[in-house]
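Start from chain A and add chains B, C, D, E and F according to the hints.
Chains as they are written, first to last, in full-length UniProt numbering: chain A, 1 to 211; chain B, 1 to 211; chain C, 1 to 211; chain D, 1 to 211; chain E, 1 to 211; chain F, 1 to 211.
Keep in mind that the hints are not guaranteed to be accurate.
Copies of one chain are not kept apart here, so a pair can be met inside one copy or by any two copies together.
No more than 20 Å apart at the CA atoms, straight line, and that leaves these computed lysine to aspartate or glutamate pairs for DMTMM-like [claimed, not checked]:
1. K201 to D183
2. K210 to D187
3. K137 to D51
4. K43 to D29
5. K210 to D183
6. K133 to D51
7. K68 to D196
If you're looking for bench data, these hints aren't it; they were derived computationally from the structure.
Protein chains: 6
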Amino acid sequence: MKMILPIIFFFFLLSSSSHASVVDFCVADLTLPVTPSGYPCKKGSAVTVNDFVFSALGVAGNTSNIIKAAVTPAFDAQFPGLNGLGLSLARLDLAVGGVIPIHTHPGASEVLFVIQGTICAGFIASDNSVYIKTLNKGDSMVFPQGLLHFQINSGKTPSLAIVTFSSPSPGLQILDFALFKSDLPTDIITATTFLDFAQVKKLKGVLGGKN
Amino acid sequence: MKMILPIIFFFFLLSSSSHASVVDFCVADLTLPVTPSGYPCKKGSAVTVNDFVFSALGVAGNTSNIIKAAVTPAFDAQFPGLNGLGLSLARLDLAVGGVIPIHTHPGASEVLFVIQGTICAGFIASDNSVYIKTLNKGDSMVFPQGLLHFQINSGKTPSLAIVTFSSPSPGLQILDFALFKSDLPTDIITATTFLDFAQVKKLKGVLGGKN
Amino acid sequence: MKMILPIIFFFFLLSSSSHASVVDFCVADLTLPVTPSGYPCKKGSAVTVNDFVFSALGVAGNTSNIIKAAVTPAFDAQFPGLNGLGLSLARLDLAVGGVIPIHTHPGASEVLFVIQGTICAGFIASDNSVYIKTLNKGDSMVFPQGLLHFQINSGKTPSLAIVTFSSPSPGLQILDFALFKSDLPTDIITATTFLDFAQVKKLKGVLGGKN
Amino acid sequence: MKMILPIIFFFFLLSSSSHASVVDFCVADLTLPVTPSGYPCKKGSAVTVNDFVFSALGVAGNTSNIIKAAVTPAFDAQFPGLNGLGLSLARLDLAVGGVIPIHTHPGASEVLFVIQGTICAGFIASDNSVYIKTLNKGDSMVFPQGLLHFQINSGKTPSLAIVTFSSPSPGLQILDFALFKSDLPTDIITATTFLDFAQVKKLKGVLGGKN
Amino acid sequence: MKMILPIIFFFFLLSSSSHASVVDFCVADLTLPVTPSGYPCKKGSAVTVNDFVFSALGVAGNTSNIIKAAVTPAFDAQFPGLNGLGLSLARLDLAVGGVIPIHTHPGASEVLFVIQGTICAGFIASDNSVYIKTLNKGDSMVFPQGLLHFQINSGKTPSLAIVTFSSPSPGLQILDFALFKSDLPTDIITATTFLDFAQVKKLKGVLGGKN
Amino acid sequence: MKMILPIIFFFFLLSSSSHASVVDFCVADLTLPVTPSGYPCKKGSAVTVNDFVFSALGVAGNTSNIIKAAVTPAFDAQFPGLNGLGLSLARLDLAVGGVIPIHTHPGASEVLFVIQGTICAGFIASDNSVYIKTLNKGDSMVFPQGLLHFQINSGKTPSLAIVTFSSPSPGLQILDFALFKSDLPTDIITATTFLDFAQVKKLKGVLGGKN
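Here chain A stands alone, though its shape is the one from the complex (with noise of 0.2 Å):
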């Protein structure tokens, strides 16, 4: 196909497609409020690329503190070039005996990758069923949507692991906080628990749940 195309080539597709970026991602702005499908896009022109990568995940969290373990999201609020489109991330560090205790993701499913050490990793089904495995490097693991599930670190060596989600603002629910950091009165949580009354007393004492 001998051609000379000139300067008029496909003018109108062109037109129509001036509009598309819009589609093909939505970078969050967050300025705005949120609705259900994720944060008002920013205009295309504002778009760097930029807002498509994030360089947060590179740094270590920090693993001073009593569960030695640390938790860096990369969900919407944090990395806008994901929003809308069904994913985001997180960075697990774990000391040697670093934990993240149970937890789940409402709505969520996770995959988690171990990238340096060993993690025995484990989540609960509905039926109690427990699925519990310790991961080696290399080694992936699921833990399906809203169920509750833990990462250990097994072995003597600080453990690092990327964690990816099935929606871009997957939620954190950690049991521990929920129950004895929150303002949920003791009675109520001693009644929908059957946990001693001394001991959740304790809990809420160490990590500052009133009531």
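Here is chains B, C, D, E and F on its own, set in the frame of chain A:
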């Protein structure tokens, strides 16, 4: 329009709509393997009105148990007409002092409607805010998807509520069962919840959890 | 586990989860323009438990009208806590002889639960099959999305039912209103329904439809 | 880039992409039970280009009937290549005076494109607003999901239109058929539509409805 | 049913359905920021039938260009009534020898209907299978989501087709434009496509791509 | 709460939750025909923790090929525990000079996380804007669904990345394979890409495409 509609009326329309009942609904064929979107559909010729009607929610659950409460589900596995339609329901019976322990429905939201009695209900959000309210007859409360929540009969008479879910198979993960009725090892529980060893063993003893 | 959890406990987790309440729910800000996925969300700081609780379904609807029936909706526009969560509900009151005329909910499925009385309910499928049943107290019936259906008090006492929808804004198109209360011209109605001109005019006269 | 690509080029990519054709599309295997998400897929090896091509819309429907109109569907049951892809289409033929009676597609939206002739089309919204327009060759009109709508040939020549739906199996509920061709008892029809008994009986007589 | 419907008829139903038009559709307010689910909705009071009707597809596109073809879109940005409804359309004009170059619609499936002429159309699956067919007037062909496809006027007269998409904003990525009209550096193009440097430079010269 | 929980504890809850494991997850039964929503689920009794764990991503791909790169997929067909959960992953190995050629994932978005080395990555939007960035260890980049994108090892050491997709079966369409390894006739390629005949023939010779 003076019309004498002959037998050939809409002939083509008719032939096309003979397939249509398949698309209106998809009554679960529970004998076939379920898929991520629900069960395969029964043949249209096998469907009767009874597939769309369910009577078991009319029967009070047996509350002669330690929680003095009962949940009667009408999920797709019990009520096949709900299959694929995005909602299901359940009946809650709470005797005086009855409690539905803290639990989640992985990935489904819930609305509760109080038919009888007084129910103290609440949920905890990911930021550990607590939303708790005493509900009277006629009150509704919504529990957003995947969050820990509970219901307590806070009155002096039996309570009855109907709850609805935004999924035909919402799941039900009861915290105490997940921890203390399962085979999750005690040392993992203590490590990931900070509960005392003795507390865990005590509840495992009651609920039957091993390890 | 002997633990003294210091103030820095979970420091990073905390800061990340401060965004999380946004993702758990999206209480409608009814002052902002709605989107295809629902209303934009109220700021988390403005949300209270009352956004998740609704009391109007506890009040009997006024059935002193020609259909001897009333529908009290709890859609997202009335019950903002439902916004984005995929379900809503309504209360049906049917006095003796009361009727909810034939109607559809465009795109939402419905489940009805009879709290009191006897209701003859039914729907018609695309292949013109009729599914009809007399429901007693405690019975449930599902009406698949978008299909014509109705409810009639077929007993000798008032009836009460709670219905739930698979959408926070299911819509409600009442056949008689669409045809006879609207401005759809009579000649178009007769041409597209084959009803007699006099019949259409009679019902328009009653319901107030013009043209 | 001076390159000599050997046979081993992309070896791994190749082996992985051998599964990929499954995910690109899902041609319906109409012999297997349908699921809420559509039919199971034919094996990739059995798929040919003819699964993606459909010719029946090129043939004029037979309008020698009382409505002087015909609908030729290309839903998934007729055009298996559409299965799972979220859209389908149909051909409308309207002879002079032809009418597509008032109907809904439960849960699917529709766009009509006029190829030939003049069509008066309209729909009625839930608030009983009427949206009606005379469309000429080249005009498009959208009918939002689940709402009552109709098409009338309002010109002096035959009309032809192509309609598309936002679902591979949109369903088709024709009001007159639902009421007068079905077995819905006459007393229920009169009670739930306020039509006169004689009117219902007359149309049942024409369309063949019993009871 | 002898009835005298008074003014209070359906009073409650009426008040509830006054919100309903919002849920039936969501005509795009193009002045507001778009969201992942589409544009915010115009107020119901501002909506007219013209929001649901689009005439520009009735006008032949200008094919006096090098591809001898034109695409006229009716996406949500052009046809606001489609917003949120899951489908859109476009008109293809192909003069004799006209070609719609290889392109994709990221995330939307397409169905083409030939109104006039003869079109050779095809797509390539992930496993590199080619599905290609010569389509005549009245033929339809489906192009599954995201796959490379093309249309060529293979006849001796102009061709006209209507295409429909499974999204109101399907996007349009034309391969030649992406590679040779963009600022993608030539060395990256050669490295990632294995095209010769001279070939890339030649087409960049024609199409205007830099670097 | 002094409690002695007898064996009958939660009897009803137990029986209902025996179905629940089905809804928590849907491990693919790869022997059954796939559906648009994924594979049918294995029976709950056959599910083990190994269905949720995948080790093949821990093994470096073989980069001894012309692109000096390898992609190791963990899609649902390889990692059945992902079925129906809305995400999947893959491992990218890029030797020095390695390239993942321009490709798309039809309908899935992707996030890449660099574990080792330096990767120059980019995508092209529908409006032909180019988003390109050199990523270092710890950087993430998102590639919105269906858009052409590529990855190049731009460093002096091997690179390793983990990518995640917003679908369990994202597909993979490699541009060069689609054009030059397929049976797409050369005259169609030249007509629809404007590439020179000789260029097409040269690459077909290398990659094995016929016609």
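* So which of the earlier hints does this model not fit? -> none
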